[in-house]
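Chains as they are written, first to last, in our numbering: chain A, 1 to 383; chain B, 384 to 665.
FYI, nobody ran anything at the bench for these hints, they're computed from the structure.
None of these values were measured; they are calculated from a predicted model.
Positions of the beta carbon are idealized from the N, C-alpha and C atoms, including for glycine.
Check before you lean on any hint, since a few could be wrong.
[Unchecked claim] Label-pair restraints from in silico Cβ distances: (1) Ser-245/A x Val-476/B: 14 to 22 Å; (2) Ser-245/A x Glu-607/B: 32 to 40 Å; (3) Thr-280/A x Gly-606/B: 38 to 46 Å.
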Amino acid sequence: MNEKKSKKGAFIALVCVAVLLALTIVLENTLDPTKNIMLFTVLKKGAVYALVASSMNLLNGFTGLFSLGQAGFMLLGAYTYAILTIPTDTRSAVYYLYGGCAINFSLPELFGGGAAGLILGVLIALILAGCVAAAVAWLIGLPVLRLKSDYLAIATLGFAEIIRAVFQWDKLGPVTNGANALKGFPTFSSFNIKGGLRLSTFVAFLLAAVCIGVILLLINSSYGRAFKAIREDEVAAEAMGINLSRHKRLSFCISSFFAGVGGGMFAMFATQAQAKTFTTAMTYEILLIVVIGGIGSISGSCIASFLYLACSEWWLRFLDTEVVLKSGFKVPLLRNGFRMVVFSIIIMVVVLFFRKGIMGDKELPDLFRARKNAKVKGGEGNG
Amino acid sequence: MAENILRLEDITMQFGGVVAVNDLSLHVDEGEIVALIGPNGAGKTTAFNCVTGVYEPTNGRVSLLGDVIVENHPQGKMKGQYLGENAGKYTQVVRHTPDQITQRGVARTFQNIRLFGALTVFENVLIAKHMRAKQNFLSAAFRLNAKEEKRMRDEAMALLKEQDLAQYKDEVAASLPYGLQRRLEIARALATNPKLLLLDEPAAGMNPQETQELTDFIRKIRGEYGLTIFMIEHHMDLVMQISDRIYVLDFGKLIAQGSPAQVQNDQRVIEAYLGVADDAEN
Numbered sequence: 001m002n003e004k005k006s007k008k009g010a011f012i013a014l015v016c017v018a019v020l021l022a023l024t025i026v027l028e029n030t031l032d033p034t035k036n037i038m039l040f041t042v043l044k045k046g047a048v049y050a051l052v053a054s055s056m057n058l059l060n061g062f063t064g065l066f067s068l069g070q071a072g073f074m075l076l077g078a079y080t081y082a083i084l085t086i087p088t089d090t091r092s093a094v095y096y097l098y099g100g101c102a103i104n105f106s107l108p109e110l111f112g113g114g115a116a117g118l119i120l121g122v123l124i125a126l127i128l129a130g131c132v133a134a135a136v137a138w139l140i141g142l143p144v145l146r147l148k149s150d151y152l153a154i155a156t157l158g159f160a161e162i163i164r165a166v167f168q169w170d171k172l173g174p175v176t177n178g179a180n181a182l183k184g185f186p187t188f189s190s191f192n193i194k195g196g197l198r199l200s201t202f203v204a205f206l207l208a209a210v211c212i213g214v215i216l217l218l219i220n221s222s223y224g225r226a227f228k229a230i231r232e233d234e235v236a237a238e239a240m241g242i243n244l245s246r247h248k249r250l251s252f253c254i255s256s257f258f259a260g261v262g263g264g265m266f267a268m269f270a271t272q273a274q275a276k277t278f279t280t281a282m283t284y285e286i287l288l289i290v291v292i293g294g295i296g297s298i299s300g301s302c303i304a305s306f307l308y309l310a311c312s313e314w315w316l317r318f319l320d321t322e323v324v325l326k327s328g329f330k331v332p333l334l335r336n337g338f339r340m341v342v343f344s345i346i347i348m349v350v351v352l353f354f355r356k357g358i359m360g361d362k363e364l365p366d367l368f369r370a371r372k373n374a375k376v377k378g379g380e381g382n383g
Numbered sequence: 384m385a386e387n388i389l390r391l392e393d394i395t396m397q398f399g400g401v402v403a404v405n406d407l408s409l410h411v412d413e414g415e416i417v418a419l420i421g422p423n424g425a426g427k428t429t430a431f432n433c434v435t436g437v438y439e440p441t442n443g444r445v446s447l448l449g450d451v452i453v454e455n456h457p458q459g460k461m462k463g464q465y466l467g468e469n470a471g472k473y474t475q476v477v478r479h480t481p482d483q484i485t486q487r488g489v490a491r492t493f494q495n496i497r498l499f500g501a502l503t504v505f506e507n508v509l510i511a512k513h514m515r516a517k518q519n520f521l522s523a524a525f526r527l528n529a530k531e532e533k534r535m536r537d538e539a540m541a542l543l544k545e546q547d548l549a550q551y552k553d554e555v556a557a558s559l560p561y562g563l564q565r566r567l568e569i570a571r572a573l574a575t576n577p578k579l580l581l582l583d584e585p586a587a588g589m590n591p592q593e594t595q596e597l598t599d600f601i602r603k604i605r606g607e608y609g610l611t612i613f614m615i616e617h618h619m620d621l622v623m624q625i626s627d628r629i630y631v632l633d634f635g636k637l638i639a640q641g642s643p644a645q646v647q648n649d650q651r652v653i654e655a656y657l658g659v660a661d662d663a664e665n
């Protein structure tokens with residue numbers, strides 16, 4: 001009975017995602033992207049952040065490990081992706097300060113260029129981006145995962161800062177281009193077919209959807225249950241035969257893998273990769289999305305990611321511009337920076353009064369089910 | 384005589400200068416129900432924690448079915464602080480984490496119930512099946528081994544049915560009434576397919592009727608699952624009815640052992656424990 005229900009829930013979710021994906025194609029090809037820059041920025045960045053927030057939720061919400069290293073792993077992913085995909089003939093221009101790049105191949109070209117080369121190259125670069133992040137996470141995890149709660153957060157935060165500093169190190173210039181940006185690699189826009197369909201938003205959504213789907217599958221598997229058991233009670237989980245260190249490391253590595261992929265996608269979105277963008281503030285943004293969406297809810301993270309980005313990048317922009325009415329009355333408070341004040345207040349209100357976030361620990365299909373149950377119960381009451 | 388399923392030799396657990404368990408030696412034979420009793424703070428739960436790998440004893444050895452699972456001798460700072468008498472007797476160091484000991488067939492419950500509160504009853508039991516599942520995270524995530532998952536679910540469901548918990552399977556564990564939470568905790572321990580079940584105060588907080596039900600329940604699961612049971616308990620009714628043998632701890636030291644009748648008539652036990660406990664409980 002329950003399994004049937006969960007299958008039905010999964011089916012509904014799949015249909016929703018398919019509709020959403022179709023919608024992005026329709027939207028991007030009916031609206032003019034140059035006139036709706038904000039909308040498409042929010043959609044693409046939202047998809048990337050949804051993935052990264054989901055990966056953070058896997059660790060913080062499902063395994064109960066409070067880690068703040070997400071920006072560090074995104075940075076690793078972004079750089080790996082960029083270094084592997086910059087076309088060889090533009091490398092000397094990008095790395096002009098260091099007299100060219102130490103690595104002289106480009107995955108899309110290795111796969112023969114063209115559309116197939118682009119798709120394969122980007123896919124493999126993204127997977128490798130995740131692998132690099134996961135490998136580093138494995139190493140970092142050896143000492144760091146022995147720590148608990150706040151101490152783990154501090155250690156991972158420190159790690160992210162160190163990574164950022166290392167990638168700006170001049171001596172690594174031939175690989176990382178020092179403090180300068182890496183650019184010229186394939187972006188989401190590279191997937192727009194010339195004179196045909198515009199697919200950039202669709203690609204962002206598709207990649208994010210597939211990755212989030214994998215995260216969801218994992219959470220609903222036996223391993224996901226083990227992660228939740230660790231979150232609920234470490235001592236009891238261990239008494240149930242769950243190897244704590246192995247499962248914590250696994251969760252940390254998988255979360256970092258998807259943060260790495262998300263980092264690669266962020267580079268695709270931003271059209272450049274530069275270490276200084278992956279700050280602690282970015283981790284906090286993602287943490288905020290996780291909290292607003294609900295700790296322990298992947299669909300919450302996805303919804304919150306779009307909401308958050310729409311607010312911060314788009315809907316609240318007007319607060320930053322001074323408005324002088326015709327009568328010469330200058331509207332008070334509206335000036336550059338006021339947006340962040342309002343935003344901070346909204347966040348405080350959310351944290352104080354809606355601590356469970358939008359979804360709590362429920363997923364979208366749970367909501368349909370809850371309503372059905374309520375109806376059944378209501379019916380019984382009437383009878 | 385049946386084989387010693389569990390054997391503790393000279394277990395000493397010292398926290399700094401405090402000796403929580405002092406040279407405890409005992410054995411539990413296959414199929415027995417053995418109780419460990421003693422006043423509060425006597426070191427009973429500490430002894431359990433030494434067996435299950437939560438603590439590493441300062442000195443002594445624990446063996447399970449003849450295999451040494453825990454062995455230690457005073458090391459480092461402890462060398463100077465060690466207050467026991469068997470300093471040179473044990474030379475190896477054998478450590479196992481709690482999960483490894485569970486995999487070897489020792490399951491336990493906790494004094495303060497430790498269920499996975501936010502998860503459902505079914506999930507609580509299902510988690511115990513995770514350790515023996517033949518899968519890795521990729522095959523689990525991509526559902527490559529659906530048979531294994533189905534087997535786990537079927538086994539967990541069968542166990543819930545056996546324990547009369549099936550009707551609560553979708554309830555959140557924390558929302559269950561206290562008595563059911565206790566039963567669920569035992570069911571969850573049984574789901575790890577143990578040979579030896581350690582129960583830490585299973586009747587804590589239960590009224591006489593519930594205690595009686597628990598007594599029957601423990602007897603029943605011993606028969607049905609071929610278990611050996613080693614338990615800590617304060618309810619004398621339960622202990623005296625059910626135990627084949629009893630060990631009495633006081634201030635970390637074993638002060639008496641034997642059949643319920645022997646222990647009941649032991650002057651030292653009466654002084655240390657029974658007299659006081661009877662007054663307090665009746």
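Okay, the hints, checked on the actual structure:
1. Ser-245/A x Val-476/B: 14 to 22 Å: Holds, at about 19 Å.
2. Ser-245/A x Glu-607/B: 32 to 40 Å: Cβ of Ser-245/A to Cβ of Glu-607/B: about 35 Å, so the range 32 to 40 Å holds.
3. Thr-280/A x Gly-606/B: 38 to 46 Å: 60 Å, violated
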